[in-house]
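Colleague: Residues per chain, in single letters:
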Amino acid sequence: DAKTTQPNSMESNEEEPVHLPCNHSTISGTDYIHWYRQLPSQGPEYVIHGLTSNVNNRMASLAIAEDRKSSTLILHRATLRDAAVYYCILMEYGNKLVFGAGTILRVKS
Amino acid sequence: DAGITQSPRYKITETGRQVTLMCHQTWSHSYMFWYRQDLGHGLRLIYYSAAADITDKGEVPDGYVVSRSKTENFPLTLESATRSQTSVYFCASSERVGGTEAFFGQGTRLTVV
Numbered sequence: 711d712a713k714t715t716q717p718n719s720m721e722s723n724e725e726e727p728v729h730l731p732c733n734h735s736t737i738s739g740t741d742y743i744h745w746y747r748q749l750p751s752q753g754p755e756y757v758i759h760g761l762t763s764n765v766n767n768r769m770a771s772l773a774i775a776e777d778r779k780s781s782t783l784i785l786h787r788a789t790l791r792d793a794a795v796y797y798c799i800l801m802e803y804g805n806k807l808v809f810g811a812g813t814i815l816r817v818k819s
Numbered sequence: 008d009a010g011i012t013q014s015p016r017y018k019i020t021e022t023g024r025q026v027t028l029m030c031h032q033t034w035s036h037s038y039m040f041w042y043r044q045d046l047g048h049g050l051r052l053i054y055y056s057a058a059a060d061i062t063d064k065g066e067v068p069d070g071y072v073v074s075r076s077k078t079e080n081f082p083l084t085l086e087s088a089t090r091s092q093t094s095v096y097f098c099a100s101s102e103r104v105g106g107t108e109a110f111f112g113q114g115t116r117l118t119v120v
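Each protein sequence line maps, in turn, to chains H and Y. For what it's worth, the numbering used here labels the leading residue of the first sequence as 711, then goes sequentially. For what it's worth, the numbering used here labels the leading residue of the second sequence as 8, then goes sequentially.
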């Protein structure tokens, strides 16, 4: 399974943008880049995913490097409710879904 | 209501007993997954299934058994529970892995005493 590397933790101020990085230097051409987050005492929830192009949805934006070896999840205005563990996952079409350690995001008011 | 449901939400069992955790999804998703999450750690894949009657091992399958006779159900059985299996268990489903999102249940907190 292709691996991802994320910082253990990050801190942000409320109402400011947050950029969560993810390195995946061994990514293959068929791997999708997925982001999930897990709020305290809850199951993981989907945030966003992409293959090659940058993606936007109501929750966040995903910026994918041209060589696809890294990506960045962008939360445009962090709120206290965004404090969670964020997981960057590579998912090969038809393959299993394996989580790494993730990044703990702390949001300060 | 559409969704993915785990039962029970909480379970206390004794060492050596068999216990089954249930997972039910209403979307007819092909893929289903079982994970365990220990305190302060990430999620580890136990078993997954690509379709009814097709299952495969994940990262930590020892001590667990799964079956999938119907698309919508994916029960996880601990044949002889041990204290090391005390954990929070999450079930997930996905229409296909890769281009679509996965949906997770709320979890089952299992304590083995």
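Treat the hints with care, since some could be wrong.
[Said to hold, decoys possible] When the alpha-carbon atoms are kept at most 35 Å apart in a straight line, the in silico DSBU-like pairs for lysine-lysine are as follows:
1) H:K779 - H:K806
2) H:K779 - H:K818
3) H:K806 - Y:K77
4) H:K713 - Y:K77
5) H:K818 - H:K713
6) Y:K18 - Y:K64
7) Y:K18 - Y:K77
8) Y:K18 - H:K779
9) Y:K64 - H:K713
10) H:K806 - H:K713
11) H:K713 - H:K779
12) H:K779 - Y:K77
13) Y:K77 - Y:K64
14) H:K818 - Y:K64
15) Y:K64 - H:K806
Don't read these hints as lab results, they were simulated from the structure.
Colleague: Decide, hint by hint, whether the structure agrees.
Modeller: Hint check:
With a C-alpha separation of about 20 Å, the suggested pairing of H:K779 with H:K806 holds against the 35 Å cut-off. Proposed proximity of H:K779 and H:K818 is supported: the alpha carbons are some 30 Å apart, at most 35 Å. A C-alpha spacing of about 19 Å is found between H:K806 and Y:K77, which places the hinted pair at or below 35 Å, so the restraint holds. Our distance criterion of 35 Å between C-alpha atoms is met by H:K713 and Y:K77, whose separation comes to about 32 Å.
Taking the CA atoms of H:K818 and H:K713, the gap is about 30 Å. The hint holds against a cut of 35 Å. Between Y:K18 and Y:K64 the CA atoms are separated by roughly 24 Å; this keeps the pair inside 35 Å, and the hint holds. For the hint linking Y:K18 to Y:K77, the alpha-carbon distance of about 24 Å falls within 35 Å, and the restraint holds. Distance hint between Y:K18 and H:K779 is unfulfilled; the C-alpha atoms sit about 42 Å from each other, more than 35 Å.
About 19 Å separates the Cα atoms of Y:K64 and H:K713, which keeps this hinted pair within 35 Å; it holds. Using a Cα cut-off of 35 Å, the hinted pair H:K806 and H:K713 holds, with the two alpha carbons roughly 13 Å apart. The hinted pair formed by H:K713 and H:K779 meets the criterion: a straight-line CA distance of about 11 Å does not exceed 35 Å. Restraint check for H:K779 and Y:K77: not satisfied, since their Cα atoms lie roughly 39 Å apart, outside the 35 Å limit.
Between Y:K77 and Y:K64 the CA atoms are separated by roughly 18 Å; this keeps the pair inside 35 Å, and the hint holds. About 40 Å separates the Cα atoms of H:K818 and Y:K64, which puts this hinted pair outside 35 Å; it is violated. For a cut-off of 35 Å, the pair hint linking Y:K64 to H:K806 stands: about 10 Å separates their Cα positions.
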